[in-house]
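*Asks:* Since the structure of chain A is provided, determine the placement of chain B on it from the hints.
Protein sequences appear in the order of chains A and B.
Okay, so the first sequence: first residue is 1 according to my numbering, each after it adds one.
Okay, so the second sequence: first residue is 356 according to my numbering, each after it adds one.
Just to be clear, a hint being listed does not mean it is correct.
Stated by the list, open to error - Dumping the calculated DSS-like pairs for lysine-lysine here, alpha-carbon to alpha-carbon at most 30 Å: (1) K579(B) <-> K224(A); (2) K466(B) <-> K224(A); (3) K579(B) <-> K111(A); (4) K224(A) <-> K157(A); (5) K512(B) <-> K466(B).
Derived from the structure by calculation, the hints contain no laboratory data.
Below are the chains, spelled out letter by letter.
2 protein chains.
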Amino acid sequence: MIQNDFYTPEAQGAYELHGLGDFALEEGGTIPDLQLAVATFGTLNEARDNAICIPTWFSGTHATWEQVYIGEGRALDPSRYFIVVINQIGNGLSTSPHNTDGDVAMSRFPKVTIGDDVRAQEQLLREVWGIERLALVVGGSMGAQQTYEWAVRFPDKVQRAAPIAGTAQITPHDVLFTQALMDTLTSDPGWNDGEYASHTDVAGGLRRHAGIWSLLGLSTEFWKTEFWRGIELPDVTFTSLEQFQAGFMEGVFGAMDPNALLTMGWKWQHGDVARHTGGDLAAALGRITAKTFVMPIDEDMFFPPRDCAAEQALVPGSELRVLHSIAGHFGLFGFEPSYLAELDAHLSELLATDV
Amino acid sequence: MIQNDFYTPEAQGAYELHGLGDFALEEGGTIPDLQLAVATFGTLNEARDNAICIPTWFSGTHATWEQVYIGEGRALDPSRYFIVVINQIGNGLSTSPHNTDGDVAMSRFPKVTIGDDVRAQEQLLREVWGIERLALVVGGSMGAQQTYEWAVRFPDKVQRAAPIAGTAQITPHDVLFTQALMDTLTSDPGWNDGEYASHTDVAGGLRRHAGIWSLLGLSTEFWKTEFWRGIELPDVTFTSLEQFQAGFMEGVFGAMDPNALLTMGWKWQHGDVARHTGGDLAAALGRITAKTFVMPIDEDMFFPPRDCAAEQALVPGSELRVLHSIAGHFGLFGFEPSYLAELDAHLSELLATDV
Chain A
1 MIQNDFYTPE
11 AQGAYELHGL
21 GDFALEEGGT
31 IPDLQLAVAT
41 FGTLNEARDN
51 AICIPTWFSG
61 THATWEQVYI
71 GEGRALDPSR
81 YFIVVINQIG
91 NGLSTSPHNT
101 DGDVAMSRFP
111 KVTIGDDVRA
121 QEQLLREVWG
131 IERLALVVGG
141 SMGAQQTYEW
151 AVRFPDKVQR
161 AAPIAGTAQI
171 TPHDVLFTQA
181 LMDTLTSDPG
191 WNDGEYASHT
201 DVAGGLRRHA
211 GIWSLLGLST
221 EFWKTEFWRG
231 IELPDVTFTS
241 LEQFQAGFME
251 GVFGAMDPNA
261 LLTMGWKWQH
271 GDVARHTGGD
281 LAAALGRITA
291 KTFVMPIDED
301 MFFPPRDCAA
311 EQALVPGSEL
321 RVLHSIAGHF
331 GLFGFEPSYL
341 AELDAHLSEL
351 LATDV
Chain B
356 MIQNDFYTPE
366 AQGAYELHGL
376 GDFALEEGGT
386 IPDLQLAVAT
396 FGTLNEARDN
406 AICIPTWFSG
416 THATWEQVYI
426 GEGRALDPSR
436 YFIVVINQIG
446 NGLSTSPHNT
456 DGDVAMSRFP
466 KVTIGDDVRA
476 QEQLLREVWG
486 IERLALVVGG
496 SMGAQQTYEW
506 AVRFPDKVQR
516 AAPIAGTAQI
526 TPHDVLFTQA
536 LMDTLTSDPG
546 WNDGEYASHT
556 DVAGGLRRHA
566 GIWSLLGLST
576 EFWKTEFWRG
586 IELPDVTFTS
596 LEQFQAGFME
606 GVFGAMDPNA
616 LLTMGWKWQH
626 GDVARHTGGD
636 LAAALGRITA
646 KTFVMPIDED
656 MFFPPRDCAA
666 EQALVPGSEL
676 RVLHSIAGHF
686 GLFGFEPSYL
696 AELDAHLSEL
706 LATDV
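Isolated chain A, as found in the complex:
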């Protein structure tokens, strides 16, 4: 195990670990004693029908959902719903290469799929809380991949679905994007075939990884208008592009574990609901019975609205709700009150829909 302060309750906020036992994976292999890191908000009602499941995105944890999206009076209201944010396998909080020992540690961590995550989440919700139906599954980016997977794999368990800024099937551009991200890490001399002693051994690779995120994670207009000047973190404001790049982009990604990023990168790259239907995307999405709002972000450079709209057209009864953010994909961080208001309005409408 490697100690990494980024993956602690102090950095991410409180969470609980739930063990699922030995967990067999779709691509082969087993994770012994799989632990999912989970944060819950609100109370499960007696009918057990007010649960919302939120899977996390690439490099993300439950923290952003807690800080930005969940709150009384919001769409994701813990006074009405039992909200379960489940950190994806390999994200650094749930079982991950750096926080486990033995046969699956570090470079020996097996390949994990989006389907593995959703199966684990379903097992968790059923075994721990007896939840058999979800009022809503909502997630952004890789969380959208998991949302689609939920709706396709368990149509009877998902009443409503809201995939934000993500696709059900990996696109060729995203195959290349994830590959470029992963290559920054595995090409670093400090990578040592995944057996580094500390994530800081791969500092150069993590910095270049952040550099590629800056190209596609935000938008050309975000940079042009110097939108970052308005982003405030505790104890820091940004006064130059270089400072924002170093302090925000490289600061965040530089704290992460390279093997965790690679586990998630490979998973993202292979996310595809058409695995259920022999490659037939229309057939897979046609299985969805959840009322679904598909919500791309207008300035997203790698999950562009047209890709999301093409999938939305294949989901029965679904609606396309385009969100607006100058921050592009990173609009997910909720920098803009206008974006959050739009999202809340759509989610509230979706949650109010009879199904």
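*Replies:* Positioned in the frame of chain A, the structure of chain B alone reads:
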């Protein structure tokens, strides 16, 4: 000097070298005996008023212009115009780190600016052919940077200007883009601080460099629709994304010299006509007297039309003519007859405009 077969007449088509003597640079230093590699098409008329100057783009040479854009019956018609394609300094054919010796070889090559290129081009045209006015300057990408520089620096010498898929002032996003491109090379262990023995020592860096071009050089829709299946090279067709990536993207960029790419990358990153006006872009573009058609490509991911349109609005009497290509920035390679027809129509109209 390093022998590199990519930078030969056999690979690029015929060109002549013209020496300009010792050439002092804007950022300091001198290139001794600067040689510009030049390809000409057509004949200069007696009035010396039918000359067209074409500067080259990042990683490009005169070859694409010769093969794709210049021809009888086309807008760039050598039976009517004297067309001079000038390879930019450091592109591998004109004086460059790998093809010179002594004080400016390899890692000792000085910083070169867009302004240096345009001053050298002006000197070349005047000294060799006595050209004092250009009927047109046209270039794509970094060639557009040089086109703007021509029109701002020498307004009396440029009658018409056509910057394609490029900006007069570097954008913040392109600062980050060029940095990510350069970082792939300088982070390679084989880079050896710029003193590699062969470009193949940096093969991994060149491959990752190509990988980033794939993310932004083309478009998400290019990849989604597998447009590459229709791209035919001599003796090769592409049947998989991996094969196109390896055979086209990595094949082309992998043949190039890392120091050449870095020279051009730094130059691109610092291209800014507002250097003439103390940082005032509007004042700089306001100097332009050339009839100017600004031509972004609709799917361009790093010179998006809105950035080009914002500059066009500052150029007196100019017009915005958006080109359409699913290949995004690499539409410049002229994969699509429809794109070439559009471009030719705009250029023909521009050339027919009285000035």
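*Asks:* Next, verify each hint and record whether it holds.
*Replies:* How the hints compare with the structure:
1. With a C-alpha separation of about 27 Å, the suggested pairing of K579(B) with K224(A) holds against the 30 Å cut-off.
2. This hinted pair checks out: K466(B) and K224(A) have alpha carbons roughly 25 Å apart, not beyond 30 Å.
3. The suggested pairing of K579(B) with K111(A) holds, with an alpha-carbon distance near 25 Å, which does not exceed 30 Å.
4. Proposed proximity of K224(A) and K157(A) is contradicted: the alpha carbons are some 44 Å apart, above 30 Å.
5. As the CA atoms of K512(B) and K466(B) are separated by approximately 26 Å, the hinted pair is consistent with the 30 Å bound.
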